[in-house]
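Asker: Protein sequences appear in the order of chains P and Z.
The opening position of the first sequence corresponds to residue 1 in my numbering, with each subsequent residue numbered one higher.
The opening position of the second sequence corresponds to residue 1 in my numbering, with each subsequent residue numbered one higher.
Hints are computed from structural coordinates only; laboratory data are not their basis.
Wrong hints could be hidden among the right ones.
With a Cα cut of at most 20 angstroms, we get these calculated PhoX-like pairs of lysine-lysine [what the hints assert, rightly or not]:
1) Z:Lys69 x P:Lys453
2) P:Lys43 x P:Lys289
3) Z:Lys20 x P:Lys453
4) Z:Lys69 x Z:Lys57
The primary structure of each chain is shown beneath.
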Amino acid sequence: MKKSKLKTKLLASITCLSFGLTGLANAGAHSEDVYGPFPVTLKGYSGDCTNTVSYSGQIARHVQHDSLKHLSTKGDYSEMNSYYSGSDKNKQIWAPASKDGFPIKQTLLNDISSGKNLSGKTYKGTITSWPNNMTGPEVIDFWMSKAESNPKDVSVGLNYQQLLSKFIMGAVFYNQAVDNYLDEKMEADTKPNDKPYKDGACYTGKEHSWDEAFGYWGAAAHSLLLSAEQNYNVAKKKDLASADFNGDGVVDLKSEYVFAHAYYASSFDKGGKTTYLEDITRAFLDGRKLITSANGEKLSDMSRARLMAYVDDISSNWEKVIAESVFKYAGSTYKSLVALEDVSNADLAKEFDKYMKYWGELKGFSMALQVGKNNIGETGAKLNRMVGFGPMLLDETQIVGIDVNGNYVMDKVYSMNDAKLHMLKIQKLMIDQFGVEARGNDMLSDMADLASKIGTSESAEND
Amino acid sequence: MEFFFDIFQNTIDQFTNPKKRVFILYLFLSILIAVAWLIFHKKKSLKESIKFIFNPKVFFSKSATSDYKVFFINQIIMLLISPHLLTQITIATALYFFFFEINFIEMGLFASSPKYLIVSLFTLTHFIVDDFSKYIVHRWMHNWPFLWALHKVHHSATNLTPMTVFRTHPLEGLVFTLRSAFAQGVTISTFVYLFGGGVDLYTILGANLFVFFFNVFGSNLRHSHIGIRYWKWLEYVLISPAQHHLHHSIAKEHYNKNYGAALAIWDWIFGSLHHSEDTDNLTLGLGTKDDQKKHTLKELYQTPFIESFKFLKRYFIKVFLFKKINKNKSEIYYKKSPQ
Chain P
1 MKKSKLKTKL LASITCLSFG LTGLANAGAH SEDVYGPFPV TLKGYSGDCT
51 NTVSYSGQIA RHVQHDSLKH LSTKGDYSEM NSYYSGSDKN KQIWAPASKD
101 GFPIKQTLLN DISSGKNLSG KTYKGTITSW PNNMTGPEVI DFWMSKAESN
151 PKDVSVGLNY QQLLSKFIMG AVFYNQAVDN YLDEKMEADT KPNDKPYKDG
201 ACYTGKEHSW DEAFGYWGAA AHSLLLSAEQ NYNVAKKKDL ASADFNGDGV
251 VDLKSEYVFA HAYYASSFDK GGKTTYLEDI TRAFLDGRKL ITSANGEKLS
301 DMSRARLMAY VDDISSNWEK VIAESVFKYA GSTYKSLVAL EDVSNADLAK
351 EFDKYMKYWG ELKGFSMALQ VGKNNIGETG AKLNRMVGFG PMLLDETQIV
401 GIDVNGNYVM DKVYSMNDAK LHMLKIQKLM IDQFGVEARG NDMLSDMADL
451 ASKIGTSESA END
Chain Z
1 MEFFFDIFQN TIDQFTNPKK RVFILYLFLS ILIAVAWLIF HKKKSLKESI
51 KFIFNPKVFF SKSATSDYKV FFINQIIMLL ISPHLLTQIT IATALYFFFF
101 EINFIEMGLF ASSPKYLIVS LFTLTHFIVD DFSKYIVHRW MHNWPFLWAL
151 HKVHHSATNL TPMTVFRTHP LEGLVFTLRS AFAQGVTIST FVYLFGGGVD
201 LYTILGANLF VFFFNVFGSN LRHSHIGIRY WKWLEYVLIS PAQHHLHHSI
251 AKEHYNKNYG AALAIWDWIF GSLHHSEDTD NLTLGLGTKD DQKKHTLKEL
301 YQTPFIESFK FLKRYFIKVF LFKKINKNKS EIYYKKSPQ
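Could you put together the complete structure from these sequences and hints?
Answerer: The following block contains the structure:
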C-alpha cells in the first residue's frame with residue numbers, strides 16, 4: 001500500500017516537474033512570439049501594475065458563449081439568458097470545463113471577470129438575414145425562447161444550439177473586434193495612446209483597445225508557438241502539454257485556451273493550405289508591439305498607417321475564416337441533402353439530425369459574415385436567398401417568414417434539387433467573393449481536379 | 001523579376017512537360033520514326049538520314065527563325081493575358097449548374113457504372129471532343145475571312161519544323177484557348193454530373209492516354225520536312241504527317257483539305273479528306289509572290305491584326321447598318337489564297 005502511494009507521488013512529482021520545465025523552456029525561448037506581458041508606457045503612471053495586457057472581459061464572454069451553447073440543448077430559457085444577458089459573477093462555467101487529462105483553472109465566471117454579458121455587446125443593427133427586421137439581440141432572444149420548448153425543432157428543421165453559437169460568435173466577437181475596437185477606436189483622436197484607456201488604468205487607450213480586439217479573436221497568448229494542429233487540439237481539450245504554457249499543470253482560460261474563430265482558423269490551417277491563425281495572431285502581436293514602441297506618445301501618422309495595415313490584414317483574414325466556414329457547411333448540407341434522398345427509414349431520423357446541425361452552422365456563419373465592418377451588399381442578398389430562413393424539409397417546404405405571434409410560416413418555394421444547387425452556388429460565391437482557399441467539403445472539387453489533370457486550356461498552338 | 005522567372009519557367013515547361021507537344025521525349029521519338037522512315041522507305045543510309053533530318057537549310061531558314069521568335073514573344077503575351085481568360089473550370093461550373101435546372105436529367109444517373117468503364121469513357125470522350133472541336137475551329141479559321149487573316153500567320157511558314165506549331169497570332173491563341181476551355185468544360189461537367197465522383201482520366205506521364213500515343217507516334221512530324229505517309233485505309237482514321245503537309249501546300253488541289261489534328265474521320269465525314277502524296281516537291285506557304293517577306297514581326301503580328309479588324313468592321317456595317325459593300329482588294333486576295 002505504502003509502496004503504491006510512494007509510486008503515485010513520485011509519478012505526480014515527475015509529471016509536475018516535466019510540465020514545469022516545459023513551461024519554463026517555452027516562456028524563456030520564444031517570449032517574443034507570445035502576446036504579453038507588455039510593460040507600462042503610460043506617462044505619469046505611478047501604480048503597481050507591470051503588465052498592461054488585459055482582455056479578461058473578452059475571455060469571460062467567450063466562456064459565457066461556450067456555456068450558453070452547452071445549455072442550449074437543455075431548453076431552459078432563464079438559464080440560457082443568464083449567460084447571455086445576466087452578469088451573475090457566481091455562475092458556473094459549463095464550458096470549457098475540466099476533463100480527464102485537461103484540468104482547467106477556473107470554474108466560476110468570477111474567476112475570470114465579473115459584470116460582463118454578451119447582450120450589451122451584440123450587434124444592434126437590423127439582421128437582414130432573418131425575418132421581421134429584428135436586431136441582433138432580438139434574434140438571439142427569439143431563438144432562446146424557441147429553444148426552450150424545442151432545442152432541436154424537427155418540424156421546421158432548426159437546431160438552435162448551432163444557430164445561437166455561430167451567430168453570437170459573429171454578432172459579438174467578430175463585430176466588436178473589427179467594427180469597434182479595430183475601427184472607431186483606432187481613429188487618431190479616439191482612445192489616444194497618450195492617455196489612459198480610463199481613469200486609473202495603467203494601459204493607454206490604444207493599447208487596451210488593441211488587447212480587447214485580440215481577446216475577441218480567441219487565440220491563446222502563446223498560439224504562435226504552436227502548430228495549427230496543436231492549437232486545434234487545445235480547443236478540443238486533447239493536448240494539455242501544448243495548452244499549459246506556464247507549466248502550472250492547469251489550463252488558464254485567460255491566456256492558455258483557444259476559443260471561437262481562432263479555433264475555426266486552426267481547423268482550416270491544419271489542412272496545410274492556409275495560415276489564417278498564424279497570420280491574424282501575428283498581425284495582432286506585431287500591432288501591439290508597434291503601439292508599445294510609441295512609448296506612451298500619440299501614434300504618429302506613419303505608425304498609425306502601419307497599424308491600419310495590420311488591421312486590414314486581421315479584418316480580411318477573419319472574414320475569410322467565416323467565409324471558409326460557410327463554404328464548409330454548405331458542402332456538409334449538400335451531402336446531407338443527397339444522403340436524405342437515399343437513406344432508409346431506419347436511418348432517416350439520424351440523417352435528418354445531422355442535416356439540421358449542418359444547416360444551422362451554415363445559417364449561423366452566413367449571418368455572422370454580414371455583421372462585420374464591411375457591408376457585403378449583393379453577396380449577402382444572394383447568400384440569404386440561397387440559404388433561406390430554414391432548411392428545406394422532406395416535403396419541400398421551408399420557413400418563409402414569422403407571423404405576428406412568432407410562429408413560423410412554412411411554404412414551398414423551390415425544389416429539393418434547387419436546394420442542392422443553392423449549396424453549390426454558395427460554395428462558388430465564397431470562392432468568387434472571398435477567395436477561400438481551405439475549401440472544406442468542396443463539392444465542386446471533382447471538376448477542378450479533372451481540369452488540373454487534363455492541364456491548362458491556355459493554348460497558342462496550331463495543331 | 002518574378003515575371004522573367006515565369007517566362008523562363010513556362011518556356012522550359014514546353015520541353016519538359018509530357019502534356020506539351022514539344023516535350024523532349026516526343027521530339028526524340030519523332031527523330032527515331034523519321035530515321036526509320038528514311039532508311040526503310042526512302043532507302044537512305046543512316047548518315048544520309050541524319051543529315052536530311054537536321055538539314056540546317058530548314059532549321060535556320062527565315063521561316064524557321066521567325067517561328068522561334070514568335071514562340072518566345074507569345075510566351076510573354078500569353079503569360080500576361082492568360083490570368084484574364086475564361087477557364088475550363090468556369091465553363092464546367094456554369095454548365096454543371098445548368099444541368100441541375102433540367103429536371104429530366106438526373107444527377108448521377110450512371111454513377112453506379114464500373115469505375116474502369118467510367119474512366120475509359122471519359123478518357124476517350126475527352127480526346128474525341130477535343131479533337132473534333134479542333135477540326136471545327138480550324139475549318140472556321142480558313143472559311144471566315146477575319147479569322148483567316150489571323151490564321152495566315154501559321155500558313156505563311158515556308159518551311160515546317162516542330163516549332164511551327166507555335167507560329168500563331170496571339171488573337172488566334174485566344175480563339176484556341178476558348179475552344180480548349182469550352183471542349184474541356186463540356187466534357188468535365190457532363191461526366192461529373194452523370195457519373196458522379198468516380199470520373200477520372202487514364203494518363204501516361206500525366207498526359208491523356210490517347211494524347212500521349214498521338215505524340216509518341218510522331219505528332220511533331222506534322223510540322224516537319226519528313227513526309228511520312230500511312231496506308232490508305234489508315235488515312236481515313238488518322239491524319240498522317242504527309243496529309244498535314246498537303247494542308248500547308250500552295251497547290252490549288254490541296255485547298256480546303258485535311259483540317260484534322262489527330263483524327264482524319266472528321267475530314268472524311270465532312271468531305272475535306274485528301275489522301276497523302278509524295279511531298280518531296282511540295283511548295284509550302286501562302287502562294288503569294290512575296291511569301292519570303294511574310295516572316296517579319298510586322299507581317300506576323302501587326303498586319304493580321306489590322307486585316308482582321310477591317311473584316312470585322314465590314315461585317316458590322318453589313319449586319320447592323322444594312323449597307324451593301326463591294327468586295328475590297330484583300331477579300332479578293334483571300335478568295336485566291338490557299339486554304
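Asker: Each hint needs a verdict: does it hold in this structure or not?
Answerer: Do the hints match the structure? See the list:
1. Taking the CA atoms of Lys69 of chain Z and Lys453 of chain P, the gap is about 30 angstroms. The hint is violated against a cut of 20 angstroms.
2. Taking the CA atoms of Lys43 of chain P and Lys289 of chain P, the gap is about 17 angstroms. The hint holds against a cut of 20 angstroms.
3. Taking the CA atoms of Lys20 of chain Z and Lys453 of chain P, the gap is near 13 angstroms; set against the 20 angstroms cutoff, the hint holds.
4. Simply put, Lys69 of chain Z and Lys57 of chain Z have alpha-carbon atoms about 17 angstroms apart, close enough for the 20 angstroms limit, and the pair holds.
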